[in-house]
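K.L.:
One letter stands for each residue in the lines below.
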Amino acid sequence: MSHDVFDLQLPAAAEHLGTARSFAAAVARHYDVAGETVEDLKIAISEACVDALVAGSPIRVRAEEVGNAVSFAVEAPEGGVTDEQRELDDLGAPARLELIRSLFPDTSVHTEEGRRLIRFLLPLA
Amino acid sequence: MVGEVDLSSAALLRARIEELLHLGAQRLVVDLRGVGFMDSSGLSVLVACMKRMREAGGELVIACPNDSILKVFTVTGLDRVFTIRPSVGEAIRA
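As you go down the protein sequences, you meet chains A and B in turn. Taking numbering that gives the first Met the number 0, the leading residue of the first sequence gets 0, the next gets one more, and so forth. Taking numbering that gives the first Met the number 0, the leading residue of the second sequence gets 0, the next gets one more, and so forth.
Since no wrong hints were added, every one of them can be taken at face value.
Restraint-style ranges between C-beta atoms, simulated for each label pair:
no.	chain 1	residue 1	chain 2	residue 2	range
1	A	N67	B	E17	45 to 51 Å
2	A	G66	B	R26	48 to 54 Å
3	A	G34	B	G88	26 to 32 Å
4	B	E17	A	F5	37 to 43 Å
5	B	L22	A	E112	48 to 54 Å
6	B	G2	A	P104	25 to 31 Å
7	A	P122	B	A55	41 to 47 Å
8	B	D78	A	R28	25 to 31 Å
9	B	L11	A	T18	16 to 22 Å
10	B	A24	A	E112	46 to 52 Å
11	A	R28	B	R32	23 to 29 Å
12	B	T73	A	G66	25 to 31 Å
13	B	E54	A	P93	23 to 29 Å
14	B	L19	A	L123	44 to 50 Å
If we take Cβ atoms under 10 Å as the criterion, some of the chain B residues that face chain A in the derived model are:
no.	residue
15	E3
16	D5
17	L6
18	S7
19	F36
20	S40
21	D66
22	K70
Worth flagging that the hints you see were computed from the coordinates, not collected in a lab. A virtual CB, placed ideally from N, CA and C, is assigned to each residue, including glycine.
Assemble the whole structure, with the sequences as input and the hints as a guide.
P.N.:
What follows is the structure in structure tokens.
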């Protein structure tokens with residue numbers, strides 16, 4: 000049985016965060032997800048990508064249809080942001096994860112082979 | 000502020016607020032009406048600036064009518080920390 004898979008890979012630069020958000024929003028709209036949920040998704044993706052930027056490069060976002068939901072996964076290998084941007088990240092990874100979890104409670108974080116993976120499900124109606 | 004506030008643009012927000020702090024601003028209204036998106040990078044800047052202003056005896060007030068921006072404050076609990084009003088006029092009077 001076929002299912003949709005959407006992949007985005009971006010250089011490890013903060014100016015690409017908007018592209019990652021637009022990508023996620025486009026995937027959500029492909030599935031007719033409501034506007035408010037799309038805004039939540041943009042926040043979660045942005046936070047996950049900042050987490051990826053702080054931890055590594057490049058940014059990779061994968062959206063995959065899984066049953067009655069879309070699984071979003073953000074992967075972070077080595078790399079980073081500028082010192083100034085790192086300084087701005089003083090809320091830190093725990094606060095970002097807490098924010099993502101408050102929007103998508105099933106959010107999980109996996110570390111495998113030196114890569115950090117943040118994953119959450121966007122339920123479809 | 001106009002546009003999106005994330006890790007790539009938060010430095011501009013911080014620089015602008017710090018400029019006003021150096022000029023001796025005691026009460027600052029941050030107008031987020033033109034902001035379409037903000038994540039925790041923007042919140043970090045606002046929290047840091049609010050702390051500095053309070054330490055100096057000043058106050059920072061947010062003007063924001065946008066539900067999607069307000070939600071970032073709400074889910075982080077910062078809506079209880081900041082004074083937030085839907086318009087600049089109300090923020091000035093707060």
